[in-house]
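Generate coordinates for the entire structure from the input sequences, incorporating the hints supplied.
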Amino acid sequence: MTGFTLLVALVGAERIAELVVARRNQAWARSRGGVEYGRGLYPGIVAAHVGLLGGALLEVRLLDRPFIPLLGWSMLGLTVLAQGLRWWCIATLGRRWNTRVIIVPHLPLVDAGPYRRLRHPNYVAVVAEGIALPLVHTCWTTALVFTIVNLGLLRFRIRTENTALQYATAPDAFGR
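Per my numbering, residue 769 is the first one in the sequence shown, and the count goes up by one each step.
Simulated from the structure, these hints should not be mistaken for laboratory data.
If you anchor each label on the Cβ, the simulated ranges turn out as follows:
no., residue 1, residue 2, range
1, S799, M769, 44 to 54 Å
2, A815, L774, 17 to 27 Å
3, R887, T770, 34 to 44 Å
4, S842, V803, 37 to 47 Å
5, L919, S842, 16 to 26 Å
6, T909, A781, 23 to 33 Å
7, S799, R829, 37 to 47 Å
8, G801, F835, 44 to 54 Å
9, L838, L774, 15 to 25 Å
All figures in this text were calculated on a predicted structure; none of them were measured in a lab. Just so you know, even glycine gets a beta-carbon here, dropped at the ideal spot from N, CA and C.
Structure representation (structure tokens):
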């Protein structure tokens, strides 16, 4: 249980690091005329991610979920890979990465790194982590609930991003 609590705390610290990067990038984007889309969806995304971390800790404690070595170690590996993919996305997008959907005028779409093969690779990391992190300690209820909620949120988030990106790359976008 102590190791799992530490793992969840580390993922929580990683989320705080993401927010620091996002806040800095948000200021950069806004200073260049960045426009935010889908603002109303953001609180739900935050709540889901807080629920993932808190739910996993509560489930293991309240329902006495066991650590099953084969499942736990493989899910830990998947969690680490998801973090690697997430930070690859952050590094590839640079200042354009954000936890919010903010589009800066006149910037071309990124087609490097993981974006060379996938349009939304960060969400692959989010889905993988949402399943894997709780399953490190067999918290299958948290994994299931988060996955269902997250897939609903991602449906709208991806639609919002695609619309914003399509608008941003249109010939007359932002008065070009």
